[in-house]
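Dock chain U against chain P, hints included.
Letter by letter, the chains look like this.
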Amino acid sequence: DAKTTQPNSMESNEEEPVHLPCNHSTISGTDYIHWYRQLPSQGPEYVIHGLTSNVNNRMASLAIAEDRKSSTLILHRATLRDAAVYYCIPSYSGAGSYQLTFGKGTKLSVIP
Amino acid sequence: KAGVTQTPRYLIKTRGQQVTLSCSPISGHRSVSWYQQTPGQGLQFLFEYFSETQRNKGNFPGRFSGRQFSNSRSEMNVSTLELGDSALYLCASHLGPGGVREQFFGPGTRLTVL
Chain P
-12 DAKTTQPNSM ESNEEEPVHL PCNHSTISGT DYIHWYRQLP SQGPEYVIHG
38 LTSNVNNRMA SLAIAEDRKS STLILHRATL RDAAVYYCIP SYSGAGSYQL
88 TFGKGTKLSV IP
Chain U
1265 KAGVTQTPRY LIKTRGQQVT LSCSPISGHR SVSWYQQTPG QGLQFLFEYF
1315 SETQRNKGNF PGRFSGRQFS NSRSEMNVST LELGDSALYL CASHLGPGGV
1365 REQFFGPGTR LTVL
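In order, the protein sequences belong to chains P and U. Position 72, counted from 1, in the first sequence is what our numbering calls 59; the numbers after and before it change by one each time, with no gaps. To convert a position in the second sequence, counted from 1, into our numbering, add 1264.
What the hints contain is simulated information worked out from the structure, not anything from laboratory work. These figures come from a predicted structure and were not determined experimentally. From the three backbone atoms N, C-alpha and C, an ideal C-beta is built for every residue, glycine too. Treat each hint with caution, since some may be false.
Quick list of simulated restraints, FRET-style, between CB atoms [as the list claims (entries may be wrong)]: (1) T17/P - Q1318/U: 42 to 50 Å; (2) N(-5)/P - L1378/U: 25 to 33 Å; (3) M46/P - R1327/U: 34 to 42 Å.
Using 20 Å as the maximum straight-line C-alpha spacing, the simulated SDA-like pairs for lysine to any residue come out as follows [stated by the list, open to error]: (4) K1277/U - F1328/U; (5) K94/P - Q1308/U; (6) K91/P - T39/P; (7) K1321/U - Y79/P; (8) K(-10)/P - G1306/U; (9) K91/P - P1303/U; (10) K1321/U - G90/P; (11) K(-10)/P - K56/P; (12) K91/P - K1277/U; (13) K91/P - N1323/U; (14) K94/P - G1304/U; (15) K91/P - Q1305/U; (16) K91/P - G1322/U; (17) K1277/U - G1322/U; (18) K1321/U - P27/P; (19) K91/P - G1306/U; (20) K(-10)/P - N1323/U; (21) K(-10)/P - Q1301/U; (22) K1321/U - Q86/P; (23) K(-10)/P - T59/P; (24) K94/P - L1352/U; (25) K1277/U - R1374/U; (26) K(-10)/P - Y19/P; (27) K91/P - F1328/U; (28) K1321/U - S84/P; (29) K(-10)/P - G1304/U; (30) K91/P - Q1308/U; (31) K56/P - G37/P; (32) K91/P - Q29/P; (33) K94/P - T1302/U; (34) K94/P - P27/P; (35) K1321/U - T88/P; (36) K(-10)/P - S1291/U; (37) K(-10)/P - Q1305/U; (38) K94/P - Q1305/U; (39) K91/P - N10/P; (40) K1321/U - F89/P.
So that you can see chain U by itself, here it is in the shape it has in the complex:
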């Protein structure tokens, strides 16, 4: 079956703009998480959604937001972009609550802020 899909794969924006990234989980998966990866900070958790509800949020400013749709697809938005927002944004999906779950990561969206 198809893996986690993230679009776009690459994006270039300028400071002050906003951006929306999309994630389509594996079919049947109802939980989606987002992570930011930078050389300095490594992989950091942004937020987690299940059945359109945010279940957990990482330590990021309010400029970072997300949502999940009824078909489990998720989007994350970053407003008022800063240079430090340049990163690889990764999405992970899994079935949802009910024991320990293997998470499946997408290839990521590489965001460059100029």
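If we strip away everything but chain P, and leave its shape as in the complex, we get:
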């Protein structure tokens, strides 16, 4: 599994954009980059995933570096509900296994 490096914690003001970085320098060419988040007292929740191109969905945007050694999750307007631990997870599903290897993630605090 590719090793990931994320900041332990970040803070953001409510309604401002948040950029959550992730380094995954050992990622293989077939690994997708997944982001999940875990709100307090809940199970993890899927946020977004991508392979090479930048991706957008209703929750967030994912910007992937051209060399794929890093990516950034972008929350366009942070709300209090976005306070959670965010996990960046490179994962290959081609062999039929969907195991997710979680690191320590980034704890995002949102200030009202």
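Same frame as chain P, but now just chain U:
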């Protein structure tokens, strides 16, 4: 549609006992994975099932076992409980093989071993 259901939500056991946890995936989902979450080790993969077959297993002792039924519901069992087994056990479901799949997690079962 209903999300992933895990029962029970909370459980207290004593050392040496065994425990069975249950997970009902989202309707139509055929793959179920189990994870253990502790403050020290974080989220760790236990095992993964698809169509009643274990496809992958994490680095846990043989005291941890699981199975999946024909209706895709899954159970995991921990025998001879140890204090270190106290954790939040999470179940995740997805449709099954066929590309990159979003996984849906349940709320977890909080197991306390005394």
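20 Å limit on alpha-carbon distance, applied to hinted pair K(-10)/P and Y19/P: Holds. K(-10)/P to Y19/P sits at ~13 Å (cutoff 20 Å).
When you check the alpha-carbon spacing of K(-10)/P and Q1301/U, does it fall within 20 Å? holds, 19 Å
Would the hint linking K94/P and T1302/U be met if the CA-CA limit is 20 Å? holds, 16 Å
So if I understand the rule, the pair passes when the alpha-carbon distance is 20 Å or less; does K1277/U with R1374/U pass? holds, 11 Å
For the range 42 to 50 Å, tell me whether the beta carbons of T17/P and Q1318/U fit it or not. violated, 23 Å
Take the C-alpha atoms of K91/P and K1277/U, compute the straight-line distance between them, and say whether it is at most 20 Å. Given that 20 Å is the threshold and the Cα spacing comes to 28 Å, the pair is violated.
Holds or violated: K(-10)/P to N1323/U, with C-alpha atoms at most 20 Å apart: holds, 17 Å
Okay, M46/P versus R1327/U on CB: inside 34 to 42 Å? Given a distance of about 38 Å, which is inside 34 to 42 Å, the answer is holds.
CA of K91/P to CA of T39/P, is that 20 Å or under? Distance ~24 Å between K91/P and T39/P Cα, so the pair is violated.
20 Å Cα cutoff - pair K(-10)/P, K56/P: holds, 10 Å
Does the structure keep K(-10)/P and S1291/U at a Cα separation of 20 Å or less? violated, 34 Å
Compare the distance between the alpha carbons of K1321/U and T88/P with 20 Å, and conclude whether the hinted pair is satisfied. holds, 12 Å
Checked against the numbered hints given earlier, this structure breaks hints 1, 6, 12, 17, 18, 27 and 36; the rest are met.
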